[in-house]
Structure formats: structure tokens, C-alpha cells
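Enquirer: Listed below, chain by chain, are the residues.
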Amino acid sequence: MSLIKCHSLSVKIAETQVCSNLDLTINTGENWAILGMNGCGKTTLLHTLAGLNPMQSGSIELNNTELNTISRREIAQQLSLLLQHQEDHFPGTVLEAVLIGRHPHLKSWQWESEHDHELAQKALTQVGLNHFAQRSILTLSGGERQRVAIATLLVQQTKVRLLDEPVNHLDIHHQHEVMKLLTSNNKDTANIFVLHDVNLASRYCDHALLIYEDGRTAHATCAEILNEESLSDLYQHPIKEIEHDGKCWFIAG
Amino acid sequence: MRPFPFLVFLAVFSLVLIIASLFMGSVPLSFQTVWSSLVESSTQQSSLIITELRLPRALAAFATGALLAQAGALMQVLVRNPLADPYILGVSGGAATAVLIGMLLGFSSSFGLTGLAFIGALVAMFLVFIIAHQKGTWTPTRLLLTGVVVAAGWGAAISLILSISPANNLHGMLFWLMGDLSYSSSSAFAFSALLIGLILSLLLSSQLNVLIRGDKLASTLGINLKQLHIKIYILASLLTAAAVVQAGSIGFVGFIVPHLIRLSGITDHRFLLPAATLGGGILVLVADTAARTMIAPQQLPVGIITALIGIPLFLYLLQRDAKQ
Numbered sequence: 004m005s006l007i008k009c010h011s012l013s014v015k016i017a018e019t020q021v022c023s024n025l026d027l028t029i030n031t032g033e034n035w036a037i038l039g040m041n042g043c044g045k046t047t048l049l050h051t052l053a054g055l056n057p058m059q060s061g062s063i064e065l066n067n068t069e070l071n072t073i074s075r076r077e078i079a080q081q082l083s084l085l086l087q088h089q090e091d092h093f094p095g096t097v098l099e100a101v102l103i104g105r106h107p108h109l110k111s112w113q114w115e116s117e118h119d120h121e122l123a124q125k126a127l128t129q130v131g132l133n134h135f136a137q138r139s140i141l142t143l144s145g146g147e148r149q150r151v152a153i154a155t156l157l158v159q160q161t162k163v164r165l166l167d168e169p170v171n172h173l174d175i176h177h178q179h180e181v182m183k184l185l186t187s188n189n190k191d192t193a194n195i196f197v198l199h200d201v202n203l204a205s206r207y208c209d210h211a212l213l214i215y216e217d218g219r220t221a222h223a224t225c226a227e228i229l230n231e232e233s234l235s236d237l238y239q240h241p242i243k244e245i246e247h248d249g250k251c252w253f254i255a256g
Numbered sequence: 192m193r194p195f196p197f198l199v200f201l202a203v204f205s206l207v208l209i210i211a212s213l214f215m216g217s218v219p220l221s222f223q224t225v226w227s228s229l230v231e232s233s234t235q236q237s238s239l240i241i242t243e244l245r246l247p248r249a250l251a252a253f254a255t256g257a258l259l260a261q262a263g264a265l266m267q268v269l270v271r272n273p274l275a276d277p278y279i280l281g282v283s284g285g286a287a288t289a290v291l292i293g294m295l296l297g298f299s300s301s302f303g304l305t306g307l308a309f310i311g312a313l314v315a316m317f318l319v320f321i322i323a324h325q326k327g328t329w330t331p332t333r334l335l336l337t338g339v340v341v342a343a344g345w346g347a348a349i350s351l352i353l354s355i356s357p358a359n360n361l362h363g364m365l366f367w368l369m370g371d372l373s374y375s376s377s378s379a380f381a382f383s384a385l386l387i388g389l390i391l392s393l394l395l396s397s398q399l400n401v402l403i404r405g406d407k408l409a410s411t412l413g414i415n416l417k418q419l420h421i422k423i424y425i426l427a428s429l430l431t432a433a434a435v436v437q438a439g440s441i442g443f444v445g446f447i448v449p450h451l452i453r454l455s456g457i458t459d460h461r462f463l464l465p466a467a468t469l470g471g472g473i474l475v476l477v478a479d480t481a482a483r484t485m486i487a488p489q490q491l492p493v494g495i496i497t498a499l500i501g502i503p504l505f506l507y508l509l510q511r512d513a514k515q
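Listed in order, the protein sequences are those of chains B and H. Here the first sequence is numbered in this note's numbering, starting from 4 and rising by one per residue. Here the second sequence is numbered in this note's numbering, starting from 192 and rising by one per residue.
Bear in mind the hints are in silico, worked out from the structure with no lab data behind them. Glycine residues also receive a C-beta, built at the ideal position from the N, C-alpha and C atoms. Hints should not be assumed to be uniformly reliable.
Claimed, not checked - Once the Cα atoms are required to be at most 27 Å apart in a straight line, the calculated DSS-like pairs of lysine-lysine come out as:
hint, chain 1, residue 1, chain 2, residue 2
1, B, Lys8, H, Lys407
2, B, Lys110, H, Lys407
3, B, Lys8, B, Lys162
4, H, Lys417, B, Lys15
Unchecked claim - Using C-beta positions, here's what the derived DEER-type ranges look like:
hint, chain 1, residue 1, chain 2, residue 2, range
5, H, Gly344, B, Thr72, 41 to 47 Å
6, H, Val218, B, Leu141, 49 to 55 Å
7, H, Gln510, B, Glu18, 46 to 52 Å
8, B, Asn133, H, Ile486, 38 to 44 Å
9, H, Lys417, B, Lys125, 51 to 57 Å
Model the full assembly from the supplied sequences, consistent with the hints where possible.
Expert: Structure representation (C-alpha cells):
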């Protein structure tokens, strides 16, 4: 079943043409990687898919409904977005920061239920922060703060998850824990990751969308599209493919 | 700190302080006198001191502080800065300018001046709103900068009026600028504004909890940003206007009280807003009781006392917080 459908989508930010006439269908159970150089518009495209950024032309359907005919609240019930940066101007506990993920599912006068608290506690356990519920958000390290943001996204319980550099600030162990957590048990959901690590993309994703600097885009399954030639072209840098234990790895030349 | 018991404590403490303030003043009164003047109407002088002077004054002080602290808590979320105060966008400057012009033109009825203050506050509020919101974009920084610059403009207008005013007007004007409760009679308007404001801000409070984590995140969690910003703006400005009309500009309350509540560990706005409301009431009530008794029968502007209490308290808590 298709969760996101783009019809001849064109997106432009300032002078950068991110994509033109892009046709893309993302189905349940799929994990997509968006790859490209700095400033090519990966984040802009992700925000456009979330309805936060105007498109130049074309259309986007979320769960077979035109995206710009649905309210923000209805979008938030079906689609979540992990932002690249977290803003913390105000103090608060980790639990409070996670519980706001339930906001799209609660009425304005409704308090979080026992069930919502259980979800939050479970999400914190999943990201390895089970004893952090009462910690102040301002005392966390960068990687811990990133995992709190991921827990917030988990309790939002959406079918579509857009993740802008989810492994930002994470050590190798937590990078893999988080990618495993997000890509496992997702028969009914779809993930779209913006990643800088090609090897994480080839290991955890099944499809890739490449955004070239000149506004071209290409997408296919990872097996088809991730190779020395396409990646060297994408990153304007020689990239070598090596084999180890029967798997392919990409290293910068 | 557990939020609910803390709220109950603040509410009980507020009541105790309001009653205690009835005993304070240049005429000493016994418990019986205070009690009987509250429960039965009488025209004895001691009874009139309570019902005509001390009780209305205590209620006015409490309402003003509560309005300011609530407006401050909202304004801090709106401009995404925990150090903002309700006057930061120039609402009090607009009100003060209107009142001073009225005084200069010879207005003297307190009703007329109150009306002028409210009109001035509304003009100031819409001026900033229209300039900051010109092209449909609205960022906290743009709003803050517009507000601060417009407030500076009001400041210049106030100085201009003061410098051309006849000397016999100056004392009244200065007292008004420093925040003064000695002219306030009825606080019915302030209390109704307070109650309506509290209900409306409680309805927004769960959205505020989301908004403090950033505009973009709030959007992804289903919040209509533009609508919410406008609601907070109008609510905070009207609360400030009601406080300014009651007592002029009383500094530090709106900025310090919400901050103190946050420092004490209450960060959920569903508790923070009522706690700040009670806390603001308490601070101004204590400050005003001190202002009218410290060198009685002479009275001090309450704004000076709120600053004298608020600043050391704030610095102490900030210091303590840094050590933890």
C-alpha cells in the first residue's frame, strides 16, 4: 500500500533546484535513504514531504489524500519528522519532552493517560534512556538529546516517519541500535532517512533517492543504484566498493 | 517539587497573606475588629479602614501581580526567551504615554485616565503586531526586536512629555510610571480579566508545552503556529493592559515570577501558569504591604519594592541553580 506518492514534484529553495518532476511512490514496509552532498536540498525535500515547505509544482499524497488539503493535526497523526536540530530554550524533564509526541492524539483539554506514560517509558527504554525520565533536558549530552528526540518521534506512532540525520551525535553502537530499532517491525510503516553514511544506507535501507547538485534525481532499490559509479558522481569524490564477508562496503578514495 | 501540592500551598498562602495584610498599617487593629468588619457592615472608622482601604488595596495588589506574572509567562513562550517580561513589547509604554498626555491636558478623573491607559495599551499592542507581522512571516526574533524598538520610542515620548510638563504635575506622573497602587479603588475589572485570562491560557497550556520545544517541532506535532502565536499575543497583551490600567508599570514581577516557578522545577505549563498567577499575586501583595507600611504614613511606589525583593531573590536562586 502506498503511503506517500509524489506526482511530478518540483521543489526549489533560494537558487537551488532540489528536484524537478519527481515521481515517487513509497509503500508500507519500505526504508528509503536520501543521499546527496551538503546543501543539495535533502532537508528541504523532507520538510516538503511533511508539508512544512511549499512545493514549486506537482502534488504529494499522504495515505491517498492530497497533503495540502489536510490540517496540521491530521498530518501529525500520520506522519512524523525528526528534525536535524533540537531547540531547548526552556527547562523541562526528559519525560515531558517525550510526552509532547502524544500531542496530536490528545484533545486540548485532555491530559496524558496512563497508556501515554507507558508509551513514553517504553520509548525511553528502546533508545536506552530508561532511567532518564526525570532528568532535566538541559543536562543531556548531544547524543542523549538526539535519542530523546527519537523517543518523542516513537510515541507519535505514525505510519510515515521522516528522519533528518537520525544518527547525528550518536556513537557507533547507538547509531546501529537506532537504525535497527527504526527499521525493524515496520510492516505497516515507512521510513525515509536523510543519511550521510552510505554504508548505513546500504545496510538498513532497501531504496535510495540520490539528489545531485545540478538538480537531477535518481531513485531505485539500493542494490541497483548504490555503486562506485553513481556514488562517485553523486559526491564528486572517488568512492571505492570493497567486499568483506560477502557484503559490499563503500569507502572514500 | 510535586506540582499539585505546590499549587495548593500557593493558594492557601495567598489567602493567609491577604488576611495578614489587613492587620498591617499605621492604625493597629485587633483580630475582633478585622473579623467583625469583614462579616458585618458597619460605619465605624476602624471598619472603614478595612473595607474601604486595606481590603480593596490588598485585592488590587494581588490581582495586578497575578496578571503580570501570567502575562509574563505567556510572553516568554511567545518570544521564546525565558527572560522576557510583559512590558517588553511596549504595552506599558503605550499606556503610560496616553495617561501622561491626558494628565498634561488636564484630565483628572481616575475613570478617564483608566480609559486612556487601556486605549494606549491597545494602540501599542496593535502597532507592534502590524509592524512585526507585515509580510505574513512572524519570527520570535522579529517580534522581539520590533517590540523593543517601539518600546524605546514610547520611552522617548514619555521623557518628552515629562520635560514639558508643569512642575506640579510631575509627582503624580512619576508615581504612575514607577508603578503605584495608591490610586486603585476597584479591582473588579482586574479580577475578571484575570479569571478569563487564566481559563483561556489553561486551554492553550498543552500547546505551550509543545511550542517551547521550537516552532518547527510544534508544526510537526500538529500545531497551527500562526493561529497559536496570535492567540498568545492577544491574550498576553490584554492581561498586561489590565495590569497597567490598575497600577502603572510594576517592574520585575512578570519576568521574575515565572522564572522562579521554572527554577523550582515546575515546567509543565498546565501547572506553571496557575502557579505563576498565584506567585505574582503574592509578590506584589507583600511588596505593596511593605510599600505602605515601611515609612508610614508616607507611601512608596510598589514598583521599587518589587525590584528590591525580586532582584536579590532571583540572583540567589540563579546562583543556587548554577551550583546544582
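Enquirer: Tell me, in ascending order, the numbers of any earlier hints that this structure violates.
Expert: 8 and 9
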